[in-house]
Amino acid sequence: MYFSIVKNAKIFFSITIIFLLIGIGSMFTRGFNLGIDFTGGTIMDLEFTNPASINQVREVLKEHDLGNSVIQLGTSDATASESKSVLIRTGVISDDERRVVMEDMKSKVGDYSVLRVEQVGATVGNELVQQAVIAIVLSWVLMIIYITIRFEFKFAIAAIIALIIDVLVTLSWFSLAKMEMDSSFVAALLTVVGYSVNGTIVVFDRIRENLKRHRRSESLGDMVDNSIWQTMARSLYTVATSLVAVIAIFLFGGETIHNFSFAMMVGFGSGAYTSTLLAGPMWSFFKEHSEPQGKIQSKTKVV
Amino acid sequence: MRYDNMTKFFVLIIAIIGAFAFFIKPLSNSIKQGLDLQGGTHVVLQAIETPDAKVDDDALNRSVKIIERRVNELGLTEPVIQRQGKDRIIVELPGVKDPEKAIAMLGRTAMLEFKDMSGKTVMTGKDLKDAKAQAAQSGQAVVTLDFSDEGGKKFATLTSQNIGKQIAILLDGEVLTSPVVQEAITGGHAQISGSRNMEEAEHLAILLRSGSLPVKIEVMENRTVGPTLGQDSKDKSIKAFGIGIAGIFIFMILFYRVSGLIADIILLLYVLLVLAAMKGLNATLTLPGIAGIILSVGMAVDANVLIFERFKEEVKTGKTLRSAMDAGFSRAFVTILDSNVTTLMAAVVLFYLGVGPIKGFAVTLAIGVLISMFTAVTVTRFTMRSLLGSNITTNPAWFGAKAPDKEVAK
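The listed protein sequences correspond, in order, to chains A and B. Using numbering that gives the first Met the number 0, read the first sequence as starting at 0 and increasing by one per residue. Using numbering that gives the first Met the number 0, read the second sequence as starting at 0 and increasing by one per residue.
Extracted from the complex, chain B is given alone in its bound form (with noise of 0.2 Å):
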């Protein structure tokens, strides 16, 4: 027995066990989730192109940068909103409460109008310079404007003009309110009456505030999960991981014994060494993600299988457990190396192509096979070596294979 060896095994064993019951948890829940997972709303908006407003460059950047200040005052965490082509919009709201409201308001043109009474528009949206929804004294939810000083001298102008008759104030096209004036206001400010509650004046004053597309804007594509689902979505797939990695990791204690035990400890490395790649690359984690990541492990095996059937053939041969292995791992490297490459040449097509979750699963899926080349090569070659260099044992039996009838093994 070699001691220094076999500390060398031990604590390497020790230490991955160790990890994986440590910081799987904190580990895994730290990594972002993405919508099929912790619930929200992906949204594909298209810009359409009518007589009075063209579709280019300028009117769509317009309108993200429109969009985006509607979304940031949801006040939700990480939304994301992406211009994608020339004509469409993404927009992802993770857990949004109302996705519905949120998703109306999202592509509405907002375009507002102050008309007199002979219809005729003598102010826009562009005279205001803020808009808030506020309890009035009657506790009535009311949108309060506040003009821009040109606005305010239209306004005041129009007031003055229109006094004992009614004006409008309209929303695409919609009446809001129809107040009769009472007397000329000149304060630069207004108030805008006729929302059913607190929450939707909030929303009109958002809509105000945030400005007018410059551009109609369509849903072309909605894909909301509630939460109910996104939860159930994860146990299920914690569930289906689990239920896989005992699968795998009894199949290879089956084949290959000793060795079998040690890539399957060696796995766990691998699987926090995948999370720990996609927290730092800040990569989300999806249901296909998850798939993609129990795939990847009965793949991962796939290297040490190719390692310890060529370990099996040089015990055959004749040759020590030590110098078996040590040729088992340098004729296998190659084969790992080409078939590895094509793999991650499907994930990178993938990723390229693939929108959304389906961008998760390619990322998960090349993490993986870069990740298992170090593990299931490196990582296992040091600990096999130090366990035959512990010589605690020189029967193949151990590690699934057989020598030669002759008794050539020493």
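The following block holds chain A by itself, in its conformation from the complex (with noise of 0.2 Å):
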């Protein structure tokens, strides 16, 4: 006999209440570590001739009254103090005014090659949190539809809560880890939801095929559990293959898709849980406390 995921539903829903308050909680205190795409700023990230050391590099942002801001080498080495690469993070800055201080940095510290500039205003980052938060309810809306359509709408208040924890769950893991959020995140977010809506379509859809051999003998946990284990080999294997790739790009795509892929990494870890573990018994739990037992054979829809 199987391990009864339905019976023992209790266990995980605790332990994501339990990690899903943690990571509020870090959320209300620590915060976000948010990129300049949501607070507006500047990255100067130059790549100087000669080894620039940060006071160097403070000195001439000092001049321009930017002093406190954040200075990083490009080097492994965490004890050097002075490196070709370097990145500067700005407070809200002009065009004008960064261009200034780049042609000081130029005659200051040294002749550099710039890697990569990025200057956003102050208010772009106030559209940019309305567009996600539009985007991601958006998705819901369309999914809770389509599943209604295909399946029944319980199905789809399942599949919905499991796609709000696997969000939450991925913003724990930002406010925890303190990794920065640019405006990828967004698209990583929305990536995980599709995955996951994916993965919980596939139990369910073996749901609702065992509810047309379903007999009265069998109570509903039971079908629900098999339905679970039956695709669990499934489950495991894409969620196996589909990490492979993100922790590829996270481990060998640099820097600049880091943030992007550690969404992904944690979203779809999220995402083959709350599917396999979660969304199966939260259907079967809205099953039994609508209708009577017997009744749930003729009144589902069957496709």
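Heads up, a few of these hints could be off.
Claimed, not checked - Only pairs whose alpha carbons sit at most 25 Å apart, straight line, appear in this in silico SDA-like list of lysine to any residue:
#: 1; chain 1: A; residue 1: K83; chain 2: B; residue 2: G94
#: 2; chain 1: B; residue 1: K164; chain 2: B; residue 2: S117
#: 3; chain 1: B; residue 1: K85; chain 2: A; residue 2: F47
#: 4; chain 1: B; residue 1: K235; chain 2: A; residue 2: A239
#: 5; chain 1: B; residue 1: K96; chain 2: A; residue 2: F47
#: 6; chain 1: B; residue 1: K100; chain 2: A; residue 2: A239
#: 7; chain 1: B; residue 1: K85; chain 2: A; residue 2: E126
As the list claims (entries may be wrong) - Stretch-level coverage of chain A by chain B, calculated; a stretch enters the list once three of its residues show a Cβ under 8 Å from a Cβ in chain B:
#: 8; region: 112 to 124
#: 9; region: 185 to 194
If you're looking for bench data, these hints aren't it; they were derived computationally from the structure. All C-beta atoms in this analysis are idealised placements derived from N, C-alpha and C, irrespective of residue type, glycine included.
Got two chains here, separate frames each, mind docking them using the hints?
Okay, structure coming up:
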């Protein structure tokens, strides 16, 4: 006999709730490490011809009242005091101000080539948050509609709760790990949503199929358990292959898409967890508490 | 053994591997690359309302035209100038050599004025017909102005009335040059000296030719990727791609043996088709876009996993390999359809709400999902049928499956 996921659902929900409480607590106390896409500001990633020290760079920034800027040396040696590659992050400044700072940097610190410059105004951040919220909620609404049409409303609600958990888990990790959020985070989050619902639907699809053959002698919970275990190999294999892909991007794809792949890594993990361990029990809970057992078969729309 | 099926099978497999080896490089190189891969500048300009200049539809459209003219003079391949919303303009300058100067030039109002000693504005940029950068006889870089008929007359009057006095030529309120008039100039031409070098003179000429902006424009957002970082990103993503794909391939072979290997080979076809579709749609390949492709390979595998798991289940119930494979495909199809439609919905939302590289990611994700439905289902089914039809083996272990304990499989 298999381990019953439905009967032990309380354990999984407790674990989830405890993690989310820690995560949400962290969101309120530690907050997020928001990148300039959200806060506005400027990043100058420069490659100097000769190594430059933090002090040299800081001196130039101080002359422009930007002394509190963040300066990172692009070297793996933590004790190094100078490096050719230097990343400077300032608050919101105008394009003209930035140009003056960079010209000064050239004349006072040394010649460099630009690896990357990003400059974002203060207003863009709010728009981005707004857009992100709209995008995610819109995707949820579309999915509720689709699942309701193809399955039934209770499946849709269970799936969406699983998705909300995935989004919260991903946000929690970003707050706990202090990973920087940029505009690509929104894309990663939506991919997580698409990926996780994908897994949930595979489980629900099996429940839908087994419902057709569902006998009264078998309890609803057992049927859901069977459905989850019948699809378990698929769930594990798929998360394995997708995680291999994401981890490869995370490890070898370079600094620029590090945060993007991190979001997907934790999101995919969470997606696999919620679709196998939480979504099915949730549906069975809704089902049992909304109508008497005997009617289930006749009332469920089978596609 | 059935040789016709076996031939079909091997021809297909060899054709896919051959096509991949032959086309992958030229195909991926021919796709348009985003600024994050080839280097370049992405700028968002914002029109600012001032007491003298209102930001309205007409003003913004005229600004777009003028900025377009300025950008076109830079001689870049495929720059983008796009109006966004009611007061913004997006400009993309791929491979621009000196982004700083280019950006500075885009947002300049470029209002040209000719003033007499009393400070009265006699002429403006509207009286110009053309402006060109030239090397004067002394070797100094100058900008020669060509006036319109009316402008020529105004200039003649201005110079004839100010012989022996200074006049000033100003750009955006800054004095460019303030020569002393020697004699009346009636030919309809004039020269502005004072440019430090030829490049500066060239930029000034471009600004004057393109006309002045009707509203004040500020740089709201600027994302510049230098060519070194672009190349670095490209190299790294190719590496990540190779490692990610290799990992997926190994997993599939471990899980499903021969079926896994076949799925892997068909994934090569999948990657080719995704790239071909991107080229066909003239889509741009960005860094997140490459991540999207790697990811979509991971997800394309999902369809095969669903099918092969079904196949294993069917084999367990005692079906022959061939009928189990057919049942696996038809049963798994509904699941694949439902799960892929939801992923597609996320991609569509992303496409409509995202900008720049994120849009590129949404496009690759959507293309990937659609093509994987074709390769993972149709092509794999055809290949597996040919293989099983050739009767090379009836041993389920080849496919990572197990027959029921009773000997039923035949």
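> Are K83(A) and G94(B) close enough, with their CA atoms no more than 25 Å apart?
Replying inline: holds, 23 Å
>> Three residues or more, CB to CB closer than 8 Å: is that satisfied between the region 112 to 124 of chain A and chain B?
In response: The restraint on the region 112 to 124 of chain A holds, since 11 of its residues have a Cβ under 8 Å from chain B and three suffice.
> Under the criterion that the straight-line Cα-Cα distance not exceed 25 Å, is the pair K164(B), S117(B) satisfied?
Replying inline: holds, 11 Å
>> Does A239(A) sit within 25 Å of K235(B), going by the straight-line distance between their CA atoms?
In response: Within the cut-off at roughly 22 Å; holds.
> Are at least 3 residues of the region 185 to 194 of chain A within less than 8 Å of chain B when you compare beta carbons?
Replying inline: holds (count 7)
> Regarding the pair K85(B) and F47(A), is the alpha-carbon distance no greater than 25 Å?
Replying inline: violated, 40 Å
>> Hinted pair, alpha-carbon criterion (25 Å max): K100(B), A239(A). Please report holds or violated.
In response: Given that 25 Å is the threshold and the Cα spacing comes to 49 Å, the pair is violated.
>> What's the verdict on K85(B) and E126(A), does the C-alpha distance respect the 25 Å limit or exceed it?
In response: Answer holds: K85(B) to E126(A) is near 15 Å, not above 25 Å.
> Within a Cα-Cα threshold of 25 Å, do K96(B) and F47(A) meet the stated pairing?
Replying inline: holds, 18 Å
When the structure is compared with the earlier hints, violations turn up for hints 3, 6 and for no others.
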